[in-house]
Amino acid sequence: MPSRILPQPTPETQHFWDGCREGVLKLQRCGCCAHVYFPPRPFCPDCSSRDVEVFDASGKALLWSYVINHRPRPDMGSEPHSIAVVKLAEGPQMMTNIVECPQEPEFLVLDMPVEVVFAEQEGGISLPFFKPAEG
Amino acid sequence: MNPKSVAVVGAAETTQMGRIPDVSVIGLHADAALNAMADAGLSAKDIDGVACAGISPVELAHYMGITPTYADGTMVGGCSFMLHVRHAAAAISNGLCNTVLITHGESGRSRVGAAPFGRSPASLMGQFEMPFGVTSPPTMFTVPVLRYLKERGYTEEDLAWVAVIQREWAALNPRASMKDPITVDDVLNSPMIAWPFRLLMCCLVTDGGGALILTSADRAKDMPQRPVYILGTGESVETPMVSQMEDFTTSKAFRVSGKKAFTEAGISHSDVDHLMIYDAFAHLPLYGLEDLGFCERGEAAEFIRNRNTAIGGKLPLNTNGGGLSYMHSGMYGMYALQESVRQLRGTAEAQVDGAKISIAHGVGGMFAASGTIIMTNEK
Ligand SMILES: [Zn+2]
Numbered sequence: 002m003p004s005r006i007l008p009q010p011t012p013e014t015q016h017f018w019d020g021c022r023e024g025v026l027k028l029q030r031c032g033c034c035a036h037v038y039f040p041p042r043p044f045c046p047d048c049s050s051r052d053v054e055v056f057d058a059s060g061k062a063l064l065w066s067y068v069i070n071h072r073p074r075p076d077m078g079s080e081p082h083s084i085a086v087v088k089l090a091e092g093p094q095m096m097t098n099i100v101e102c103p104q105e106p107e108f109l110v111l112d113m114p115v116e117v118v119f120a121e122q123e124g125g126i127s128l129p130f131f132k133p134a135e136g
Numbered sequence: 292m293n294p295k296s297v298a299v300v301g302a303a304e305t306t307q308m309g310r311i312p313d314v315s316v317i318g319l320h321a322d323a324a325l326n327a328m329a330d331a332g333l334s335a336k337d338i339d340g341v342a343c344a345g346i347s348p349v350e351l352a353h354y355m356g357i358t359p360t361y362a363d364g365t366m367v368g369g370c371s372f373m374l375h376v377r378h379a380a381a382a383i384s385n386g387l388c389n390t391v392l393i394t395h396g397e398s399g400r401s402r403v404g405a406a407p408f409g410r411s412p413a414s415l416m417g418q419f420e421m422p423f424g425v426t427s428p429p430t431m432f433t434v435p436v437l438r439y440l441k442e443r444g445y446t447e448e449d450l451a452w453v454a455v456i457q458r459e460w461a462a463l464n465p466r467a468s469m470k471d472p473i474t475v476d477d478v479l480n481s482p483m484i485a486w487p488f489r490l491l492m493c494c495l496v497t498d499g500g501g502a503l504i505l506t507s508a509d510r511a512k513d514m515p516q517r518p519v520y521i522l523g524t525g526e527s528v529e530t531p532m533v534s535q536m537e538d539f540t541t542s543k544a545f546r547v548s549g550k551k552a553f554t555e556a557g558i559s560h561s562d563v564d565h566l567m568i569y570d571a572f573a574h575l576p577l578y579g580l581e582d583l584g585f586c587e588r589g590e591a592a593e594f595i596r597n598r599n600t601a602i603g604g605k606l607p608l609n610t611n612g613g614g615l616s617y618m619h620s621g622m623y624g625m626y627a628l629q630e631s632v633r634q635l636r637g638t639a640e641a642q643v644d645g646a647k648i649s650i651a652h653g654v655g656g657m658f659a660a661s662g663t664i665i666m667t668n669e670k
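Quick note, the sequences are listed as chains A and B, same order.
When we follow my numbering, the leftmost residue of the first sequence carries the number 2, and every step to the right adds one.
When we follow my numbering, the leftmost residue of the second sequence carries the number 292, and every step to the right adds one.
Next up, chain A with everything else stripped away, as it sits in the complex (with noise of 0.2 Å):
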């Protein structure tokens, strides 16, 4: 199997990707109004300000959509995989896989609650993933 397609970070993305690999998922807020938003950029996209900050994002999401992949690219593998969208508690969306669940409509239910996990990859890059949350 060929080795999975990764991120390369950017000089504006870099504190999400190490995060990610710390353990932490980072978000940024905006120190003008509040906006909390996602993929990372050093300025706020609903007013513009360049006063914003990183913060650690609780790591809970709802399932929000996602497809079943029945003919996986080369780098992920023979199975069927999930390919969701989760909707983060504090607002914005994100693209993942949904593991430690099986890749079926019966048990991929929208609206589930979901958590962070990070998978560590080659390069020094961990992916963040979301599994079925417990309790």
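Warning: the hint list may mix true and false statements.
Said to hold, decoys possible - Pairs of lysine to aspartate or glutamate residues, derived as DMTMM-like cross-links and limited to a Cα-Cα distance of at most 25 Å, are as follows:
#1 B:Lys441 / A:Asp112
#2 A:Lys27 / B:Asp538
#3 B:Lys295 / B:Asp564
#4 A:Lys61 / A:Glu116
#5 B:Lys441 / A:Glu23
Hints in this document: simulated from the structure, not taken from any laboratory.
Got chain A sorted already, so can you dock chain B with the ligand onto it with the hints?
Chain B with the ligand in isolation, oriented as in the chain A frame:
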């Protein structure tokens, strides 16, 4: 642009369509352009504006022997040609040029002379979508749909009906790639691509192209074809990443573009005789009917199931068979425009009797962009 001040005077598709292994991408642009010039009774020397997507307008102008005073390389995916029409109408109205050639050519299936796929791993999409296994549009354009079905109370069967009714239209078009009738069961039993999408809910992958020529309504009077006037236009963009759509149940770009076009045209929905909604996948006509305001949210599926968009219905939709059954080279918007022009010239294979106003509504990327062109054959 003043409504009806600019007209389509040349329109044509490539000579062949479907599988064309002996023509490269730029060759498809040129074949469509030459057919459109012949249709309009013009040659390269009569054209002073160029627009295209996929290749650069520099390549197009040089290859065709055109010396333009206007060049538009807007590339926002499959609806780029709607934006080209909009920009060309404004340019002609403002004297930037007189006559604009807009071309599309894509070797989607055979990939002769085509650029490789792929995105930089440092782009936002490369960082925040590619690592999770997205491949081609069937795994991206489809991601919002389960949320949409849930919110609207629609089902997989509703998606299947879109494909079934469009195939009925395709059967009337000899150039359509897929003409054999299909049933809802056929669609729901076709191979699974990406749950909940099955093969027959996804567009074709073919080779082909098309071209349009626009000029002022004054000049159009002396041209060989019945002029098709530009009545209203709209465009917008939302996000390059489908995961970042503001709302998975409605396209902001569709709403903004559609509203702008309707306002400029000064028409109401009941004035529309014929509609094209870019259907790369079966959910797009549902989103389009709602976001353009033809249906209330939650009523589009029933509208289609009740045959309002089918042969004999009150709003004939995707009368060439659409991207699902007619052809889809990758950037289908050009073919939607071609069918609108044919319907208003009265030369369509599945002609809507007495059609006076047609809308071609396009999508680019995965809900990334949109363009809407409203045309009429009445001066
Ligand atoms: Zn702000």
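Against the structure, the hints:
1. B:Lys441 / A:Asp112: holds (10 Å)
2. A:Lys27 / B:Asp538: Holds, because 23 Å separates the two Cα atoms, which is no more than 25 Å.
3. B:Lys295 / B:Asp564: The hint holds at about 17 Å.
4. A:Lys61 / A:Glu116: holds (5 Å)
5. B:Lys441 / A:Glu23: violated (36 Å)
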